[in-house]
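The chain contents come next:
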Amino acid sequence: MNHVRYQIQHQTTYFYTGRIDLCHSLAHLEPRGDCDQEVIDHKIKVTPKPDSKSVRKDFLGNTTHYFSVQGSHTSLEITSQLTVEKSTKTPVLPKSELPWETLKIALSDLDPSKTRMVHFLLPTRACPHADFIREFLRPSLIAGKDVVALANDLMTRIFNEFQFLTGATDVSTPIQSVIANRTGVCQDFAHVMIAALRSIGIPSRYVSGYLETIPPPGVPKLKGVDASHAWVEVYSPATGWVGFDPTNNKLPDSQYIKICHGRDYFDVQPVRGIFIGSGKQSLKVSVDVERIKESV
Amino acid sequence: MSSHSLSPDSLTETSHYQTMDDRRDESIASDGSIRPEWSELFKSVERHGIEGVARWQETAARISRERGLAYRPATLDESASQGWSIDPIPWIVSAERWSVFESGITQRLRLSEALLADIYGEQKLFKNNLVPMSIVLKHRGFLRTLHNAPPGNGIVGLGLCAFDLARDSKGRTFIVNDRFDRPSGLGLALENRTIVNKVLPNLFRRCGVRRIGSFFADWFERLAQYSNNTDSDPLVVILDDSSQHEDSEISFLANYCGVTRVHPSDITVRDGRVWIKALRGLVPVDVIWKSTPGCGLDALESEIRPCFGIPGIFEAIREGNVAVASHPGSEVIQSAALYPFLPKLCREFLGEDLLLPPVQTWWCGEKAGLSHVTANIDKMVVKSAGNPHLFGTHYGRLLSDAEKTALIGQIRDNPGDFVGQEELEISSIPASRPHGLTPRSAVLRTFSFLGADGTASVMPGGLARVSRVDGMIITTRETGDSKDVWVRSKKEEAPYDISSVLSISGFRAPDIVSSRTGENLYWSGRYAERTSLAVRFASRLIDCRIRGISGVKGFEAEHEKILVDSLFKIFDCPILSPDMTPDARLMSIFKDPNCPAGITFGLERFNYATQSAREEWSPVSVQAISACYDQWIQSINQVDSFFELEPALDELQLNLSAFLGQNLDSMTRDSGWALLDAGRRIERGSNICGLLKTLVTSNLSGEMDTIFNESILYFLDSVRTYQSNFYEKPKTELTTLLLLGENDYPKSITHVLERLYGLLKKLPTPENRPHPRDRIPLISAKLIEFVVELYQWKKHDSFDSKVTAEFLDELIEFFNRLSDILTTSYFSHAEISE
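Protein chains in written order, with my numbering: chain A, 1 to 296; chain B, 1001 to 1834.
Watch out, some of these pointers could steer you wrong.
[As the list claims (entries may be wrong)] Distance condition first, Cα-Cα at most 16 angstroms in a straight line; then the derived EDC-like pairs of lysine to aspartate or glutamate:
id	chain 1	residue 1	chain 2	residue 2
1	B	LYS1782	B	ASP1820
2	B	LYS1561	B	ASP1583
3	A	LYS49	B	ASP1809
4	B	LYS1383	B	GLU1403
5	A	LYS53	B	ASP1271
6	A	LYS43	A	GLU30
7	A	LYS284	A	GLU212
8	A	LYS53	B	GLU1319
9	A	LYS293	A	GLU212
10	B	LYS1591	B	GLU1604
11	A	LYS57	B	GLU1319
12	A	LYS45	A	GLU30
Hints were generated in silico from the structure; no laboratory data involved.
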């Protein structure tokens, strides 16, 4: 089978106008081991050097890195370097699944040890249960349609109806305004799709990761143009988790490198920090996804 | 007539208390006879009459007021239900009845601990299908981030717990509420006991009431045992985020036990440990008894936004570097949706039948529960299953038909979010009202904890809460009168002296001046000085404008502009719109709370810093400052023109001087006082240098130069000193000489530095870094050198403004740096990175 190998650098830098005396941070930057990809190497480097750090698994099995920097500092840089290999097979939409109306009943017979499924059914801060979400979903609810086809239609609808607009939203923009204005970025589209599917009892989860971008022919690829990406995985009893990218109307293929999954963005926020000190903070994020090897 | 076998002097009936026909009473049996444990109380009432009961009430109110805990007397106006008040008539429980309560509570404690351990550990309750997952997962108290951090291995499970007991018309006892995360009321229970003991000392003795002191002693010993630090005596603190501006029951508890009370902002996490930021350095904390919600404890990991918790503390808990009681995730087991499952859970986890049932509860997430609750809505008390803060308590029978339909609709939309509870006919106890004794429904809050060996300690007593209105159920969030609870003893008990126990259990209650207090004092000093300068700035502007300073047209306006520009430069103020009229411009500067050169800016911060360190000032002073601030805001909002503010400015100046003079005189000369005064001196030093710098770099000449010099001297209240030192009109070289070099003049930099050296000596030497005072001699030496130069220039009439400006920059930088050093050494305890 064909494989492709990527080297990814994801750099997050905080700058402060004043001086920071103490920072505590959590990072969700390490890829899960259970995805359809092989992690060759991964490391995280923090500058200034952290005074304490630890690694643990969160409640969904993602790896969380905690670190704190105690010396006073005016900038903080977190670099995640990842080498990962993916198979280049083209994803296909699974066929003959359950109709969406009966999925709920099928799930209630689930083995109770599959407790994690419940997390992906309950509402969260970013993906609440609300009438405006059910309202948004209504046109997609075609009787008897199977779960995967319904999710696929919904993905296409979001892609067609919503405008991708950087800066129109931020992490605190409520989903209600995203739906009302039909604008947002990949996180918002993922949240919309998740909230809609959960409202009819289809387990769905938020996936954080990277997407390789390919410049037009003849144009050299610039440094730092890639970005962290977000898409959705939907549960279907026959197949398991199936990926959908509403931002690009695409089933995630070998160009999608998955890092973590959560109930929503806040579970898998790449870097979250609390900084104690003075001054204002600014943030710079750069991501490079570089294809280093293709093998047959 | 009843046939109780009472002792001959026992009272069997009373005419002073009429029970409700339809409701069980705790003191009077259905045949009208007094239950034996209440007989002494009714005898006292018989003897003293209604007037006596009224007197008890008055005495209780007076003592309560004197002790200063938030207190409102009971009034006939039932709507005034704010705050707590104490009813001196206790709830009396017989020894036999109490032992039933005690065994029920003990079992619930063990069950709750097992449940907590399972939820954050193995999760058998899901795997074995004992409880629907969403009850736990949707509860706001379930902290996902602490999964795999169950009690054990240095992590505390349940700390102090509260169970509310109520009895129904058939005399059955139910647990109607439980509190694990941060039960309130222990301080009030202690307060009530203290007061009632003073009001009814003889009755207390005659009744053979069980003492509660030993429970507190045991609890503190238990707290110390939670510590994972085996090397030394553990430091135990109470974490309390109640507003600094009020006294809470926590402050009462802290005082009683001599335990250090800390605010989340006093705490920092470094090297995976928890520390108190104190003036004398970082003090390691071993055990935290928290009275703040667990779900907001760690700002880094909390799902609540915004969150003001202590970032990094969960990491310290997981590592076993600090013991926090209770487990921050314990709120989840308070979910009323778990009640229907408790009998099953009790059999599963303990292999026992549940002794004290919870009030009958239906979770609407199950079909049967949903249909029962919606069909019987009139008899239901509807509550949230997952977040009691989002949805209060709703009594079906009090709702209109439309409200009922709406509520049912809400439940049907998200059934899993709701529970319905049977509304109990809660039994009554005698409550004292101004017109005598009257029956009121009451709930008994008990306090308990599990010992290291798994045995339970239950406080023999508690806090009774009675409804303000007849027949109304009591909920936790509703306030009402509170009562002491007397558990009768079978044998005589000696009073308990808690202080002896606290010293045995190795509690150290160090004399910690927190960094927060120190920092607030320091900024009180800085902003007092800043405000004084702003006031003088304003006065000068008014003075010049009203009285005129020159015959030249446009001179005042030009002068005003120079002054404003100078001040803006010194304090780095935001640029104002050039379209404003000069008057509007001034008004905005002084009114705008965000303009650092203005009065509102300084005064607001001064007021805030003073209020935040209120324990350091006399209460009268704190009130005076707050009044001063209010008055200023009022004045500035009332006048149409800035130039009408003169009287308000004069008064403000007077109040500020009086405040500082009085407080600096009466404060103990400790590190707090030193920081306050150091704040003033640093602000002053930095302002003098800033003003001088604008002066030497202004390149003014002639009359404008003279007037500008005069203004600078005026700002610093130095006009007269200048005149008596130099017999000529103000000029830059002499102003500089006076404000830098005049040894005996308190407003000169020479004097400021000397004074600072003396003040900083009072501060402790910070760990791993030089003492801040050691920074002063070098700059002082440079200053002396420079002053010598100034004298030379004066002699030769050759003032070098460029060199002077450079030196002033060095001084300004020095003051800024010194302020930073004080901050990092004593307030933020930042580490210096290489």
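Hints versus structure:
1. LYS1782(B) - ASP1820(B): It is violated: about 21 angstroms lies between the C-alpha atoms, which goes past 16 angstroms.
2. LYS1561(B) - ASP1583(B): Distance of about 11 angstroms is within 16 angstroms: holds.
3. LYS49(A) - ASP1809(B): violated, 34 angstroms
4. LYS1383(B) - GLU1403(B): holds, 15 angstroms
5. LYS53(A) - ASP1271(B): The hint holds at about 9 angstroms.
6. LYS43(A) - GLU30(A): holds, 8 angstroms
7. LYS284(A) - GLU212(A): violated, 19 angstroms
8. LYS53(A) - GLU1319(B): holds, 11 angstroms
9. LYS293(A) - GLU212(A): Holds - the C-alpha atoms of GLU212(A) and LYS293(A) are around 14 angstroms apart, at most 16 angstroms.
10. LYS1591(B) - GLU1604(B): holds, 11 angstroms
11. LYS57(A) - GLU1319(B): Given pair LYS57(A), GLU1319(B) holds - Cα atoms ~14 angstroms apart, limit 16 angstroms.
12. LYS45(A) - GLU30(A): At roughly 12 angstroms apart (the allowed maximum being 16 angstroms), GLU30(A) and LYS45(A) satisfy the hint.
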